[in-house]
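I would like the entire structure built from these sequences, with the hints used as guidance.
Those letters in the sequence shown? Residues -22 to -1, 1 to 181, by mature numbering (1 follows the signal peptide of the UniProt record, and there is no 0).
By construction, these hints were calculated from the structure, which means they are not laboratory data.
Warning: the hint list may mix true and false statements.
[Unchecked claim] Here are the simulated distance ranges between beta carbons:
{"no.": "1", "residue 1": "124", "residue 2": "53", "range": "36 to 42 Å"}
{"no.": "2", "residue 1": "38", "residue 2": "118", "range": "23 to 29 Å"}
{"no.": "3", "residue 1": "117", "residue 2": "52", "range": "32 to 38 Å"}
[Stated by the list, open to error] In the PhoX-like style, the derived pairs of lysine-lysine whose C-alpha atoms are separated by at most 20 Å in a straight line are:
{"no.": "4", "residue 1": "103", "residue 2": "68"}
{"no.": "5", "residue 1": "38", "residue 2": "103"}
{"no.": "6", "residue 1": "38", "residue 2": "171"}
Quick reminder that beta carbons are idealized off the backbone N, C-alpha and C, glycines included.
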Amino acid sequence: MFITMSTLVGLIIACLALGTNGLLKPLIIGGQDAPIELYPYQASLRYEGYHFCNAVIINKRYVITVAQCVYDVSNPYIYSVMVGSDRLDKPGDVYRVLNIIVHNGYNKALHIHDIALIRVTEDIKFNENVQPISLPTVERNYDDYPLMVTGWAKNNGDFGNPVVADGILVGLVSLARCSPTYPDISTRVFYHKSWIDEKIEKI
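The following block contains the structure:
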């Protein structure tokens, strides 16, 4: 079960509770239960079968996430991507990772170019619970615009959560402080659209 939140850029506060057994506690701040068929682009990055970051399906071979989740991966083959499930304890379809492409300008300390592409070993099979999301084609200012953030209510696995406006992936959660006095930071997808297109064409 994952959670949706309607929010504004600059104030993405997602302090979400997770029990030690991996099941959601009933109190989710500002969130509500979200069936996977409403957000079929949501994906879980996994290491040895365990969720550690979020990703988003963008086509049949690629998911996108933040660089901080995968910048230090030396062996991509031990990682996988799970799609088609709204519960971390109820696996959906799992695809092995073939290749990871981290933006060459990524700076962990400054949260600059915090974006990465992940290619899976076989085509992702689309159905009502598994679908790609559209990427932005024009620049737009989203200040004071309602956005949607989805995730599994797991604080240490919130990075890479999709930030969506009108069905378009506009951002990826890069820094989540869970504080009412500090804004969260998201990687803006449009600014990296040409990089995304270039890397997908090359491989």
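Results of checking the hints against the structure:
1. 124 / 53: 36 to 42 Å: 40 Å, holds
2. 38 / 118: 23 to 29 Å: Once the Cβ atoms are compared, 27 Å apart, the range 23 to 29 Å for residue 118 and residue 38 holds.
3. 117 / 52: 32 to 38 Å: 36 Å, holds
4. 103 / 68: 18 Å, holds
5. 38 / 103: Holds, because 7 Å separates the two Cα atoms, which is no more than 20 Å.
6. 38 / 171: 17 Å, holds
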